[in-house]
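Sequences are here, hints too, so could you generate the full structure?
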Amino acid sequence: MALTKAQSFCKPQFLISLVSPLSLHSYVQQFSTKPSSLINDGTALPSSTSSFMVNLFVDSFGFSKQGAIAASSQLLHIKTPEKALSVLNFLKAKGFEAIHIHTIISKRPHLLAANVEKNLAPKFKLFEDLGLSKFDLGAVISAHPTIVMYSLNKRLLPNILFLKNYLDPKGFLKLLKGQGRSSVLVSKRLQSNVRFMESQGIGGSKLRALLLKRTFLFEVKSIRLIEITEKVKELGIESHFKMYSHAVGFMSSMSKETWQRKFKFFKSFGWSEEDIRTAFQKMPVIFCLSEQKLQKTMNYFINELKYDEKYLCFHPLIFCFNLERRLIPRINLLKVLRSRKLLEKDASLLTICVLSEKVFLERYVLSFGEEAENLLDIYKGNKENSRN
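Start counting the sequence shown at 30; every next residue gets the next number (our numbering).
Simulated from the structure, these hints should not be mistaken for lab results.
Among the hints, erroneous ones may be present.
What the hints assert, rightly or not - In silico EDC-like cross-links for lysine to aspartate or glutamate, where the CA-CA straight-line distance does not exceed 20 Å:
| # | residue 1 | residue 2 |
| --- | --- | --- |
| 1 | K370 | E402 |
| 2 | K370 | E400 |
| 3 | K147 | D158 |
| 4 | K206 | D165 |
| 5 | K193 | E227 |
| 6 | K374 | E353 |
| 7 | K163 | E126 |
Since the model is a prediction, treat every value here as computed from it, not as a measurement.
Following this line, the structure appears as structure tokens:
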């Protein structure tokens, strides 16, 4: 409905209006001579829209005409532009980037009806006091404009104070800045879900990791959270197991339908339900990997390497590595080392896959003296060829 970022910034009046504060007098003058049913280009408006709001959306926020009409239809209760201009000038004064302002209003046009002094200013001050820079604040609010539409004292402040019991200042800023995380600040389920996870034996560093990496988990309905934890246990991962918090976190990111589809997909490998449980217990993240990635890796091991399909069930970590950039080049180099009888002790496929690039090169390329240069060329060549 709204213009794309590139289209928005091509409109000179949009750039000018976001750079310089607008006065009510100057804004009203722009269209006070036009009939209220017309916008600046003379187009007639539907009776359910406000011409001054349509003009404001087009001129100040870079909306398309149709997008502006749709957005303004949500704000019929606004009879004069004072509040909208007050919000716009407030965001500018806070140093918000043009793209942030455009995104905020595109997502939540209702924000233009907010009372700056009573509603917005106290919440913005709270975020500034937490250590957010102007740019970071713009990024946070534009990602989730709804967080400044909730009550400061009933939702925002209680959740922030609650989270401070679990996160240090650095961790808290990381949560605020993280893509898709800040909405947890206004979640009515946050506190009950955290306490439920504590009742499952998840605390300390594991709970902090979930708050920062799987924030969505603390926004799901309580009944869904219970279902997730029960399903994880059903698959053989008890709450005291090392992988429990990871499994719960990964499963929370999938719908029931996605989970069932993935389960069926793994069966297409020839895996039994017990095989799938084994793989999940060892590496729950594989359920979050794309089916294309999983299939390519399985095909390579079965068709090229002639491995049994059950091998990856017992070594599911291999699915997590990039096939073209890591697995194929290293496995091909291992074949060369074996053919030249350079290895005093044979290396397992899993071993060469898990090593960091630095350690792998030191151990399986650079340690072979006069052969090292040729081995390095082979390895680099394999990496290039596997990408093509």
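Worksheet entry | 20 Å limit on alpha-carbon distance, applied to hinted pair K206 and D165 | 7 Å, holds
Worksheet item: Given the hint that K370 pairs with E400, does the C-alpha gap stay at or below 20 Å?
Response: Roughly 12 Å separates the two Cα atoms, so the pair holds.
Discussion item. For K370 and E402, compute the direct alpha-carbon distance and say whether it is at most 20 Å.
Written reply: 17 Å, holds
Discussion item. Holds or violated: K374 and E353, Cα atoms, limit 20 Å.
Written reply: 26 Å, violated
Fill in: Restraint status (C-alpha distance of K147 to D158 at most 20 Å)
Measuring from Cα to Cα gives roughly 17 Å; hence the hint holds.
Practice prompt. Decide if the proposed pair is consistent with the structure: K163 and E126, CA atoms, cutoff 20 Å inclusive.
Written response: 9 Å, holds
Discussion item. Between the alpha carbons of K193 and E227, is the straight-line distance 20 Å or under?
Written reply: The given pair, whose Cα atoms are some 16 Å apart, holds under the 20 Å limit.
Of the numbered hints listed earlier, the single one contradicted by the structure is hint 6.
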